[in-house]
Structure formats: C-alpha cells, structure tokens
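**Student:** Counting from 1 along the sequence shown, just add 29 to a position and that's the residue number in this note's numbering.
Treat the hints as calculated values from the structure; they're not laboratory data. Beta carbons are placed, not taken as given, at the ideal position from N, Cα and C, and that holds for glycine. Among these hints, one or two may not hold up.
[Said to hold, decoys possible] Just the calculated beta-carbon pair ranges, DEER-fashion:
1) Lys77 with Gly102: 19 to 27 Å
2) Ser53 with Ile31: 17 to 25 Å
3) Glu45 with Lys77: 17 to 25 Å
4) Ser40 with Glu81: 30 to 38 Å
5) Glu45 with Ser114: 27 to 35 Å
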Amino acid sequence: MILTNIDYVPSYEVTEVLDLVKGSTIRAKHVGKDLLAMFRQLVGGELKEYSEMINESRKISTAKMVAEAEKLGADAVINIRFTTSNVMQGAAEILVYGTAVKLNKK
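Work out the full structure: start from the sequences and follow the hints.
**Tutor:** Pasting the structure below:
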C-alpha cells in the first residue's frame, strides 16, 4: 500500500478513485504518566509521555485507515491528512484520512 500526502503518486496514474478512507483512535495515558507530565510541564522540556501517546495513536489510526483502503482493493491512499483534538484532560483523538485509489504504472 502506497501512502502519500500529495494528490498523486510519482510514476503512476490514478485510474479510479474509490472512496474517502479514515482511521481514528482516542488514547489516554494512565494517571502515573499524567502526573509525570504535569511535573515536567512545571520545569519545562518535552512531555515525552504525551509524545509517546500521540505517536502510538498515529500508528494505530494509520493502520485502521490502511485496513479500510485494503477492503476497497486500493493500491494507494493519497492526500493523507492528520488531525488531533482533545477529548478530555490527558486524552486525545487522532484522525487520519485520505483518498483510496487504484493505480497503473506509467
């Protein structure tokens, strides 16, 4: 599966647009990591606990999007975008979406 954030795949032509595909997850860290992150926020520096959470969430959301594209028989997902929103303190939703397409080599 080819994934790209541009609206084409170099050396390929889009032969069919299948559908919008998406994947999302809402994740939270446990209270111990939340406390650690709150302390780090006071002294400054990267909030590694939240960086880990967002990275994990991106991977999970992307996998869900790819699974949806595979069900459609897609060769690629183009024009991929990510969005993040807070659901509550310490929990975030990651949504990834793009256009599932069929390709032919030029």
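**Student:** For every hint, state whether the structure bears it out.
**Tutor:** Consistency of the hints with the structure:
no.	hint	in the structure
1	Lys77 with Gly102: 19 to 27 Å	violated (40 Å)
2	Ser53 with Ile31: 17 to 25 Å	holds (21 Å)
3	Glu45 with Lys77: 17 to 25 Å	violated (43 Å)
4	Ser40 with Glu81: 30 to 38 Å	holds (36 Å)
5	Glu45 with Ser114: 27 to 35 Å	holds (32 Å)
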